[in-house]
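Residue numbers for the sequence shown follow this note's numbering, beginning at 1 and rising by one.
Quick caveat, the hints were computed from the structure, so don't treat them as lab data. Treat the hints with care, as some may be off.
Think about it this way: if two alpha-carbon atoms lie no more than 25 Å apart in a straight line, the pair counts; the simulated SDA-like pairs of lysine to any residue are [as the list claims (entries may be wrong)]:
#1 K80 <-> L486
#2 K193 <-> S147
#3 K89 <-> M240
Label pairs and their computed distance ranges (CB to CB) [claimed, not checked]:
#4 E81 <-> Q41: 34 to 42 Å
#5 S319 <-> G236: 19 to 27 Å
#6 F674 <-> Q349: 31 to 39 Å
#7 A532 <-> D290: 55 to 63 Å
#8 K313 <-> E172: 40 to 48 Å
#9 E45 <-> E427: 52 to 60 Å
#10 E172 <-> D425: 44 to 52 Å
#11 Q349 <-> T118: 43 to 51 Å
#12 E172 <-> K220: 16 to 24 Å
#13 L302 <-> D90: 31 to 39 Å
#14 G370 <-> D406: 16 to 24 Å
#15 L456 <-> D583: 43 to 51 Å
#16 L456 <-> K416: 31 to 39 Å
Backbone N, C-alpha and C fix where the C-beta goes; we use that ideal spot for every residue, glycine too.
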Amino acid sequence: MSNQSRMQNLGINPPTVQQKPKELTIHNHTRIDNYYWLNEQENPEVLAYLNAENAYLEQVMAPVKPLQEQLFQEMKGRIKEQDESVPVKDGEYFYYVKYIEGGEYPIYCRKKGSLEATEEVLLDGNEMGKGKKYFNIGGYEITDDDSIIAYGVDTVSRRNYTVRFKNLITGEIYKDQIKNTEGGSYAWAADNKTFFYILRDPKTLLGYQVWRHTLGTDTKNDVLVYEEKDNQYYMGLYKMKSKKYIAIVSDHNGIASEYQLLDANNPTRACQTFLPRERGHEYAIEHFEDKFYVRTNLNHALNFKLMEVSEDKTADLTSWKTVIEHRPEVYLESMEVFKNHLVIQEIFQGLSQIRIINQQTKEEHYLNFGEPTYDANIGLNPSFNTSVLRFSYTSLTTPNSTFDYDMETRVKELKKQQTVLGGFDKENYVSERVFVTARDGANVPVSIVYRKDTKLDGTAPLLQYAYGSYGMSTEAAFGSSRLSLLNRGFVYAIAHIRGGQEMGREWYENGKMFKKINTFYDFIDCSEFLIANKYCSPEKLFALGGSAGGLLMGAIINLRPDLYRGVVASVPFVDVVTTMLDDTIPLTTGEYEEWGNPNNKDSYEYMLSYSPYDNVEAKEYPNLLVTTGLHDSQVQYFEPAKWVAKLRSTKTDNNLLLMHINMAAGHGGASGRFATLREVAMEYAFLIDLAGIVE
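Turn these sequences into a full structure, and let the hints steer you where they fit.
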């Protein structure tokens, strides 16, 4: 093993791109953006530059092309090509998803009555995606009489789904087509012909209107049911488990929520507001018999509590009764309602817990998982009158597992564990959970995994991953691709930094807005701990993050470029201030409460203090691989493109700076089951080579 990389940018000229200074002035402060013009997606100069970056990456990474191919084959070889999910019973049918050998896309199927019955194919993704550069099915909904399926399709990767309808008895595809819908936010009324969907604004890509469509009629006759006037709210739509109500959700992450209810049996009746929105009040609801359960942070319940209210008094807060009190040390995450049981998902000290409550006796118990770090989640449970809970379990050493748990007998049955081919044995790997004391005294959990034969003497390479935004927790889940790193001696660490919700709601609140810097400092403090405790060598510490985690990567290399040998920033949100000042960019307005609104001077100055693009300096930076997609709707391609261009013209080192632009994809990268692995293989080849591992 050596530290000499086979990838060399010496002798190969990196792409150059013209500087066209643009003055950006607000709050009596002017920034000069030399690369602002790269947002002109149709400009041939822009496309030529992006293609030149791809060509440069191919040249520089040519020596590790065989390694990249080997990694791809390895990762693909661990996946059972012919595979299917555990069937879920909903009504008379068992529903499941299967993959066939050589197929890139899922096939959605069902069987009536029993698993021995004849298979019905609902949607064949391989047939539907044939010949398309990008293809994704964005959820489906089936009528109560099981006869018609509505499904969304995206062939561009902008997450604008066109809804089509198929008769599952005759196979007929209806003429009806509804464009620009929010994928998966669909619901049928009880009459099996009235369909509700969310329309997206073509410019901002925000779902903002709920419409009612009658199957077989022209979409011009569709009726507007509800419009969200505040563009800081995200919308959702679903039919409740009881099938009595269709819920329209407006959610302003971390700030407020509001539900409108439609009567599934009277679909033309106007929607009713469950409880009007109020800043600071977030709630979620589930219908049960003649009442609703409400997960709420009412009256300063930061980690949420559970309440109930009769269905005819939802807007009267004096009628709400507490079922589970607020607990400062336990975060109440979600609930699942059954006829005889109530199931609560909680987080305690950074770990998921599943709590079962008998609706009649009020007796309760928790499931026991028995590993130091893991992820457990309530699964798909569409059946109401059952004592069986479907849940999923995984850890850094345990492949994704699906269990059925009898809530009466307390017997757990493993229905399926993800098959990992290629001789995987979980006994060869060790997982740990440690707490790192951050500079301000916060205790940050870190989940770590490595092979048993990896020496923890400070010589191993280590890849540190984190996300740390939007209250999204990064779970300690299994990843079969990751084995390609672990088997080559890498240690893998997940830093559960502030900005996520692993340690409760306060963990999120302390990593957003004017406390965002904690997210970056936590990551750096975890890095220093891992070096000090000999999990890795300072010369072989690597970092990886995507989207808002890509912002994290941009911030840490500005703050502590000396700490990292190499960094992978995937679809990184790096031009924070300029993007958040442009409310025509998709999704901007809904993010004000996460990052701040830079139209306000205090927010502008704070965001400017850490924005990766604005803080690029003439200094040495680590080796860097940046990825993006031309059609990305979450983080527009021009953010990473501008960042790379600015770094190229500013940094003072000869380290690698590479960018890969998927010219046919968006935020999620390539579509298809195996195409995505090629991008992972490229990232891993970059890291393995920089770690000096030669095979």
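Results for each hint:
Restraint check for K80 and L486: satisfied, since their Cα atoms lie roughly 20 Å apart, inside the 25 Å limit. Of the pairs offered as hints, the one joining K193 and S147 holds, with about 10 Å between alpha carbons and a cut-off of 25 Å not exceeded. Between the alpha carbons of K89 and M240 the distance comes to roughly 16 Å, so the proposed pair stays at or under 25 Å and holds. The beta-carbon spacing between E81 and Q41, approximately 36 Å, falls within the hinted interval of 34 to 42 Å.
Under the hint 19 to 27 Å, the C-beta atoms of S319 and G236, about 25 Å apart, fit the expected range. The beta-carbon spacing between F674 and Q349, approximately 38 Å, falls within the hinted interval of 31 to 39 Å. Take A532 and D290: their Cβ atoms lie about 59 Å apart, and the range 55 to 63 Å holds. The supplied range of 40 to 48 Å is met by K313 and E172, whose beta-carbon atoms lie about 45 Å from each other.
The hinted range of 52 to 60 Å is satisfied by E45 and E427, whose Cβ atoms lie roughly 56 Å apart. Hint check: E172 to D425, Cβ distance near 50 Å, so the stated range 44 to 52 Å holds. Under the hint 43 to 51 Å, the C-beta atoms of Q349 and T118, about 49 Å apart, fit the expected range. Taken as a hint, the range 16 to 24 Å holds for the pair E172 and K220, whose Cβ atoms sit roughly 22 Å apart.
Hint check: L302 to D90, Cβ distance near 36 Å, so the stated range 31 to 39 Å holds. Checked against the hint of 16 to 24 Å, the pair G370 and D406 passes, with Cβ atoms roughly 19 Å apart. Here the CB-CB span from L456 to D583 is close to 49 Å, well matched to the stated 43 to 51 Å. Range check, L456 to K416: about 34 Å between beta-carbon atoms, so the 31 to 39 Å window is met.
When each numbered hint is compared with the structure, no violation occurs for any of them.
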